[in-house]
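Those protein sequence lines, which keep their order, are chains A and B. The first sequence lines up with residues 1 to 233 when you count with my numbering. The second sequence lines up with residues 1 to 355 when you count with my numbering.
No wet-lab data here; the hints were simulated from the structure. From the three backbone atoms N, C-alpha and C, an ideal C-beta is built for every residue, glycine too. Fair warning: there could be bad hints in the mix.
Stated by the list, open to error - Calculated pairs, DSSO-like style, for lysine-lysine (alpha carbon to alpha carbon, straight line, at most 27 Å):
(1) B:48 / B:167
(2) B:104 / B:167
(3) B:48 / B:104
(4) B:48 / A:45
(5) A:41 / B:48
(6) B:9 / A:41
(7) B:114 / B:104
(8) B:114 / B:48
Unchecked claim - Simulated restraints, written as ranges between beta carbons of each label pair:
(9) A:42 / B:160: 56 to 62 Å
(10) B:108 / A:53: 46 to 52 Å
(11) B:130 / A:53: 30 to 36 Å
(12) B:182 / A:225: 18 to 24 Å
(13) A:225 / B:207: 56 to 62 Å
(14) B:246 / A:225: 53 to 59 Å
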Amino acid sequence: MLTLTPAEWEVIQLSLKVAFWSVLCSLPPALAIAVLLARCKFPGKSLFDAVVHLPLVLPPVVIGYCLLLLLGRRGPVGALLDEYFGIVFAFRWTGAAVAAGIMGFPLMVRAMRLSIEAIDAGLEDAARTLGAPRLRVFLTITLPLAMPGIFTGALLSFARSLGEFGATITFVSNIPGETRTLPLAIYTLTQVPGGDAAALRLSIIAIILSVLALMLSEWLVQRAGRRARGRDD
Amino acid sequence: MIEVSVVRKLANFTLDAVFASDSGITALFGRSGSGKTTLVNAIAGLVKPDDGIIKVNGECLFDAARGINVPVEQRRVGYVFQEGRLFPHLTVRGNLRYGLELAKAAQRYVDFAKVVDLLGLEALLERRPANLSGGEKQRVAIGRALLASPRVLLMDEPLAALDTSRKREVLRYIARLHEEISVPIVYVTHAVEEIVQLAETVVLMAGGHVVATGGVGEVMGRADLRAQGIAFEGGTVLDARVVAQDLAYDLATLEFDGGRLMVPGVEALVGEALRVRIRARDVSIALTRPADISVLNVLAGRVIDIHAQQDAGAAVRVAIGGSVLTARITRYSADRLQVAAGRDVFVLIKAVSLM
Numbered sequence: 001m002l003t004l005t006p007a008e009w010e011v012i013q014l015s016l017k018v019a020f021w022s023v024l025c026s027l028p029p030a031l032a033i034a035v036l037l038a039r040c041k042f043p044g045k046s047l048f049d050a051v052v053h054l055p056l057v058l059p060p061v062v063i064g065y066c067l068l069l070l071l072g073r074r075g076p077v078g079a080l081l082d083e084y085f086g087i088v089f090a091f092r093w094t095g096a097a098v099a100a101g102i103m104g105f106p107l108m109v110r111a112m113r114l115s116i117e118a119i120d121a122g123l124e125d126a127a128r129t130l131g132a133p134r135l136r137v138f139l140t141i142t143l144p145l146a147m148p149g150i151f152t153g154a155l156l157s158f159a160r161s162l163g164e165f166g167a168t169i170t171f172v173s174n175i176p177g178e179t180r181t182l183p184l185a186i187y188t189l190t191q192v193p194g195g196d197a198a199a200l201r202l203s204i205i206a207i208i209l210s211v212l213a214l215m216l217s218e219w220l221v222q223r224a225g226r227r228a229r230g231r232d233d
Numbered sequence: 001m002i003e004v005s006v007v008r009k010l011a012n013f014t015l016d017a018v019f020a021s022d023s024g025i026t027a028l029f030g031r032s033g034s035g036k037t038t039l040v041n042a043i044a045g046l047v048k049p050d051d052g053i054i055k056v057n058g059e060c061l062f063d064a065a066r067g068i069n070v071p072v073e074q075r076r077v078g079y080v081f082q083e084g085r086l087f088p089h090l091t092v093r094g095n096l097r098y099g100l101e102l103a104k105a106a107q108r109y110v111d112f113a114k115v116v117d118l119l120g121l122e123a124l125l126e127r128r129p130a131n132l133s134g135g136e137k138q139r140v141a142i143g144r145a146l147l148a149s150p151r152v153l154l155m156d157e158p159l160a161a162l163d164t165s166r167k168r169e170v171l172r173y174i175a176r177l178h179e180e181i182s183v184p185i186v187y188v189t190h191a192v193e194e195i196v197q198l199a200e201t202v203v204l205m206a207g208g209h210v211v212a213t214g215g216v217g218e219v220m221g222r223a224d225l226r227a228q229g230i231a232f233e234g235g236t237v238l239d240a241r242v243v244a245q246d247l248a249y250d251l252a253t254l255e256f257d258g259g260r261l262m263v264p265g266v267e268a269l270v271g272e273a274l275r276v277r278i279r280a281r282d283v284s285i286a287l288t289r290p291a292d293i294s295v296l297n298v299l300a301g302r303v304i305d306i307h308a309q310q311d312a313g314a315a316v317r318v319a320i321g322g323s324v325l326t327a328r329i330t331r332y333s334a335d336r337l338q339v340a341a342g343r344d345v346f347v348l349i350k351a352v353s354l355m
């Protein structure tokens with residue numbers, strides 16, 4: 001009862017793999033956009049902000065379908081990637097990671113942006129008067145102080161990735177061992193007669209995973225927050 | 001040597017300030033909103049002027065006509081902010097080393113150990129800014145700015161957030177630091193006491209303009225500035241030396257160029273030099289030396305000139321030895337006593353503030 005079947009293991013491993021890579025690859029661009037939105041003024045900023053937030057408000061299926069049109073083997077971007085770099089997203093686990101990353105992107109940007117906005121820009125000015133060029137100011141002042149927000153953003157996006165369903169199933173379908181992540185596996189089980197018990201087991205696993213992830217992030221955020229606030233304790 | 005001439009237009013304020021100073025400590029003095037902070041921000045490069053020139057020690061940092069605008073990080077202008085702005089995620093040591101590590105070895109003129117010693121930071125090195133008192137924070141901020149080996153040190157009301165005793169503590173450190181390390185300092189303040197204790201040159205600002213530049217005594221004695229309602233309260237600043245301490249009465253005898261003053265509560269040793277300020281309204285004038293009077297300090301002098309002011313008052317400048325004291329009396333008294341230039345008088349000093 002308590003041991004996982006090989007099939008369940010496969011689903012869990014795939015889900016974690018997809019979520020991990022989706023978070024890792026969206027971190028750098030999300031941070032760049034968060035800095036841009038928090039610290040820069042430029043024409044069209046509100047439009048850009050809206051575009052970044054689109055995945056939050058659009059039906060996931062629409063995002064999945066757009067990805068299919070763009071990144072599919074015959075899509076304008078997908079064909080180029082396939083031809084020149086041999087990269088294929090369609091119906092692969094990497095495609096699932098792309099879909100999950102995009103769905104979690106606005107959450108990540110938002111958390112990072114808020115924490116960067118909360119940093120006193122005067123500290124960055126002070127670092128510059130001490131002789132630090134902008135990049136060094138970012139690496140030594142802004143980034144360490146934004147750490148709690150970066151952790152929060154990464155975790156929100158990770159959790160969103162674990163739960164991603166609509167965009168994934170539309171873009172990369174529901175292929176066992178390749179794109180069938182936890183939510184897709186649960187959905188599949190509920191569609192077959194007698195699959196209820198197995199679906200319940202997977203659901204419980206999903207709950208445990210989420211709680212663990214939340215606890216880990218809370219611990220990381222508190223640690224980073226203490227450092228950023230500069231308490232000795 | 002600092003030469004500044006900048007114009008910066010904002011929506012409802014225009015900064016149009018010109019000054020030059022080659023003093024060790026130059027005080028930028030003025031009420032809040034007079035443009036002091038904007039001016040030092042322009043020197044630091046945090047605010048870009050619309051027009052003008054900024055030079056420090058002959059090095060051009062900004063010249064609108066020639067299109068020169070040296071980036072903040074290359075100006076080597078140390079800045080001590082009003083709120084300290086210590087990096088909260090670094091220890092005191094980390095804060096101090098931040099600028100030190102960025103300074104080129106050839107340009108460093110002060111080392112870590114010396115600054116730590118001068119500012120008394122030894123015990124704080126491993127602490128974090130959140131656990132420091134206000135005075136400690138400002139001392140660390142000063143040390144941090146200094147360790148970047150700046151060409152000039154800008155201090156924007158570094159004592160404004162501190163209580164009186166902390167103020168005195170930090171002020172002492174700044175004075176000491178200036179004796180030990182000869183970096184020019186531009187000190188922004190709206191507190192007269194700080195100017196009197198520290199400054200050699202005062203740049204007086206009002207409404208975005210520099211209205212007077214000169215030595216401390218000179219600018220502070222100018223009655224015309226007071227008449228315009230922009231200067232600090234009129235008075236005299238004297239350089240003095242402690243010649244005796246009467247512990248039984250807690251009275252010190254100070255000697256200045258022109259005579260001696262007895263002042264209560266002076267926490268200084270015999271032989272120590274200090275500055276005192278005598279407000280014009282604390283000085284009265286008598287034609288004969290008054291006997292049986294509680295006022296401690298009565299000095300003989302000769303009237304230099306007298307300025308009637310717009311209100312009931314008149315400012316009388318009296319030469320006492322090599323010093324000049326300003327007395328504020330009523331125009332009525334001036335007429336009644338027939339105070340006029342060249343007349344021998346006695347000045348009665350009711351209070352002396354120590355700096």
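Item to check | Earlier hints that do not hold, by number | outcome: 1, 2, 8, 9, 12 and 13
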